[in-house]
Structures are given as C-alpha cells and as structure tokens.
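*Asks:* Kindly produce the complete structure, drawing on both the sequences and the hints.
Single-letter residue listing:
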Amino acid sequence: NAGVTQTPKFRVLKTGQSMTLLCAQDMNHEYMYWYRQDPGMGLRLIHYSVGEGTTAKGEVPDGYNVSRLKKQNFLLGLESAAPSQTSVYFCASTRQHPVAGYEQYFGPGTRLTVT
Amino acid sequence: GQQVMQIPQYQHVQEGEDFTTYCNSSTTLSNIQWYKQRPGGHPVFLIQLVKSGEVKKQKRLTFQFGEAKKNSSLHITATQTTDVGTYFCAGEAGAQKLVFGQGTRLTINP
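If you're matching them up, the sequences are chains A and B in order.
The first sequence begins at 72 in the numbering used here and counts up one residue at a time.
The second sequence begins at 2 in the numbering used here and counts up one residue at a time.
Hint data in this document are derived by calculation from the structure and do not stem from the laboratory.
It cannot be assumed that every hint is accurate.
Here are the computed lysine to aspartate or glutamate pairs in the EDC-like style, where the Cα-Cα straight-line distance is at most 20 Å [to be verified]:
#: 1; chain 1: B; residue 1: LYS58; chain 2: A; residue 2: GLU130
#: 2; chain 1: B; residue 1: LYS60; chain 2: B; residue 2: GLU18
#: 3; chain 1: A; residue 1: LYS142; chain 2: A; residue 2: ASP97
#: 4; chain 1: B; residue 1: LYS57; chain 2: B; residue 2: GLU68
#: 5; chain 1: B; residue 1: LYS57; chain 2: A; residue 2: GLU174
#: 6; chain 1: B; residue 1: LYS58; chain 2: B; residue 2: ASP19
#: 7; chain 1: B; residue 1: LYS98; chain 2: A; residue 2: ASP109
#: 8; chain 1: B; residue 1: LYS98; chain 2: A; residue 2: GLU101
#: 9; chain 1: A; residue 1: LYS128; chain 2: A; residue 2: GLU150
#: 10; chain 1: B; residue 1: LYS37; chain 2: A; residue 2: GLU150
#: 11; chain 1: B; residue 1: LYS98; chain 2: A; residue 2: GLU130
#: 12; chain 1: B; residue 1: LYS71; chain 2: B; residue 2: GLU55
*Replies:* Here's what the structure looks like:
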C-alpha cells in the first residue's frame with residue numbers, strides 16, 4: 072500500500088495563478104483532510120470531507136476550494152494564488168473507526184511558494 | 002472556536018536528559034492524539050488517549066490525559082538523537098476534526 076500520496080511535491084506560482092493539489096489514498100478511508108503548516112502555527116485545517124461527494128470548511132478555508140468526486144481522491148484548488156498562501160500543504164485520511172482507531176495518516180506534503 | 006495550546010514552543014536538551022511537552026485545551030476533549038514530525042517529514046501518529054486520567058507508555062515515552070480531559074502531556078525519558086523532531090498534540094473538535102497545538106520542537110545535543 073502506498074498510503075497517502077500527494078502531487079506535486081514542490082511548486083512555485085506567481086501571484087494570481089491557479090493550481091490544483093492532488094491527494095490520493097489507497098486505504099479505503101472515508102475521511103480526508105487538507106492542512107497547511109506554517110512556522111510556529113502548527114497544522115491548520117483548510118477543508119475536509121467525511122465521504123465521497125461531501126466537503127466542509129475547516130479553520131482557514133478562504134482562498135481554497137476542494138472536491139471529493141472519488142472516495143480515494145481529495146483535490147485542493149487555489150483559484151488565484153496569493154503570497155499568503157505560501158506554505159506546506161498536508162493531506163491526511165482516517166478511517167474514524169471506534170475499534171480500529173482514529174489516527175490520521177498524512178501524505179508527504181506539498182511545498183508551495185507564491186511569488 | 003476551540004483552541005489547543007502547547008508549550009514550550011522549543012526545547013533543547015543534552016542527550017540523555019528528559020523532555021516534557023504540555024498541551025492545554027480551552028474546552029473538554031473527547032480524546033487527544035499525539036503526533037511526531039521529523040525535520041522535513043510529515044506528522045506520524047504516536048498515540049490516542051480517550052479516558053480521563055489515562056496514562057500510556059511506549060518505551061521511553063509516557064503520555065498522560067488530565068482528569069478533566071482538558072490537558073495532556075508527553076514525557077520522554079533519557080532522550081536519544083532519534084527523538085529529534087516536532088511533537089504535536091491534537092484534540093478532537095467534533096465532526097471528526099482535529100485541532101492541533103502549535104507543536105514543540107525538540108533538538109538534542111549529542
């Protein structure tokens with residue numbers, strides 16, 4: 072099993088450009104999340120999904136959109152990138168099972184720089 | 002909204018010394034999780050605590066969940082260079098969401 076994978080690993084954008092980050096998991100997990108990590112800020116939730124076809128806003132959703140058309144994929148879109156969106160983006164998934172556990176499995180991250 | 006505060010932000014120790022990081026929530030938590038992130042890596046799950054006053058051990062790591070389920074701690078005995086990284090606590094915020102603390106970055110002088 073590959074676990075959680077993210078594409079791309081690195082990206083440099085110019086202000087105003089758009090892009091989509093792809094997250095894929097092969098563990099058949101229902102729940103998927105997008106976080107951003109900035110120095111000294113920990114991990115902040117952008118959007119999340121509790122199942123195929125559903126999405127919800129997290130703590131810092133402005134400037135981002137998401138889609139979960141397939142259970143295994145969770146896409147994060149930046150419509151018009153801004154320098155404030157320079158960050159490391161992590162995708163995570165979890166089974167949220169009362170017996171198997173609630174741990175989140177994280178992807179390797181995407182380092183995004185907006186100039 | 003719910004906030005999870007973690008202290009200290011940084012900790013530098015000599016190899017062999019003990020290390021503790023503390024986590025405090027503004028609200029009662031249903032459970033708390035701990036993650037470790039190595040430099041340049043991604044967070045990796047360590048443990049979940051659910052019960053009030055729960056204490057769990059993983060080799061040299063001891064995790065505690067407060068009686069009021071609003072605070073938690075991670076204690077590492079006799080640190081080793083492999084313990085280097087950032088340790089995060091994360092509290093369940095309902096609707097299957099976690100709120101992460103800011104993390105404690107541990108560096109070790111060999």
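*Asks:* Give a verdict on every hint.
*Replies:* Here is how each hint holds up against the structure:
1. B:LYS58 to A:GLU130: violated (32 Å)
2. B:LYS60 to B:GLU18: holds (15 Å)
3. A:LYS142 to A:ASP97: Since the Cα atoms of A:LYS142 and A:ASP97 sit roughly 9 Å apart, the hinted pair holds (cutoff 20 Å).
4. B:LYS57 to B:GLU68: OK: B:LYS57 and B:GLU68 at ~14 Å, within 20 Å.
5. B:LYS57 to A:GLU174: holds (16 Å)
6. B:LYS58 to B:ASP19: holds (15 Å)
7. B:LYS98 to A:ASP109: holds (19 Å)
8. B:LYS98 to A:GLU101: holds (13 Å)
9. A:LYS128 to A:GLU150: Answer holds: A:LYS128 to A:GLU150 is near 16 Å, not above 20 Å.
10. B:LYS37 to A:GLU150: Distance ~32 Å between B:LYS37 and A:GLU150 Cα, so the pair is violated.
11. B:LYS98 to A:GLU130: holds (10 Å)
12. B:LYS71 to B:GLU55: OK: B:LYS71 and B:GLU55 at ~12 Å, within 20 Å.
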